[in-house]
Amino acid sequence: AQTVTQSQPEMSVQEAETVTLSCTYDTSESDYYLFWYKQPPSRQMILVIRQEAYKQQNATENRFSVNFQKAAKSFSLKISDSQLGDAAMYFCAYTEATGANSKLTFGKGITLSVRP
Amino acid sequence: NAGVTQTPKFRVLKTGQSMTLLCAQDMNHEYMYWYRQDPGMGLRLIHYSVGEGTTAKGEVPDGYNVSRLKKQNFLLGLESAAPSQTSVYFCASSFTPGVNYGYTFGSGTRLTVV
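In order, the protein sequences belong to chains A and B.
One rule links them: number in the working numbering = place in the first sequence (from 1) + 63.
One rule links them: number in the working numbering = place in the second sequence (from 1) + 990.
One or more of the hints may lead you astray.
Quick list of in silico lysine-lysine cross-link-like pairs, DSS-like style, CA-CA up to 25 Å [stated by the list, open to error]: (1) LYS1060(B) - LYS1047(B); (2) LYS1060(B) - LYS1004(B); (3) LYS999(B) - LYS171(A); (4) LYS1060(B) - LYS999(B); (5) LYS1047(B) - LYS171(A); (6) LYS999(B) - LYS1047(B).
It should be emphasised that the hints constitute simulated quantities derived from the structure, not laboratory data.
In isolation and in its complexed conformation, chain A is listed as follows:
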């Protein structure tokens, strides 16, 4: 079974600084999707960024970017110019995205705090 590991339960960053959240996963598939979701205190699950495994280029969305290392099965999220609104829980997630195997598998999450 696929597994997603987020080994750091908590991290803290100074406002305007850069922080990297780590994620590793285990799979024998060659084609899959990886996601980072943000969950603020409102509980809503918000998609931060998505990476397709067949794409070698790392995905970027404004201040958010990933370092996708397919051979190492690593998928870290970098948040640049951190803002107070970035404080939330962040989940890394994986899916094979093939028919019956379209379900998302989540890591345990990391709580990010931003110091003013």
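Starting from the known structure of chain A, fit chain B onto it as the hints suggest.
Structure of chain B alone, referenced to chain A:
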């Protein structure tokens, strides 16, 4: 454009009571999922459906049943609630995999079993 709507948003049950959580999506998504979120555990899949009339077990299915009689609705039932089912429940939906593939989540249901 409602997306994924979960009802109710909060509920307190007594041990042994039953209830049904409703998930409705208006995006014509084929796939629907029920997750539970517990502190330190992330989101774990309870049951899912790949189309109208189909259901399948996820990682933690015991104590739950589901039905998908209509494409837009996915119901999660607790026949005899237990304190271990105290959790936040999320419904999600998605198209079949492809370009811009992604999932849409509901806002969650906080369930407390006393």
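Any hints this thing doesn't respect? Which numbers, in order?
2
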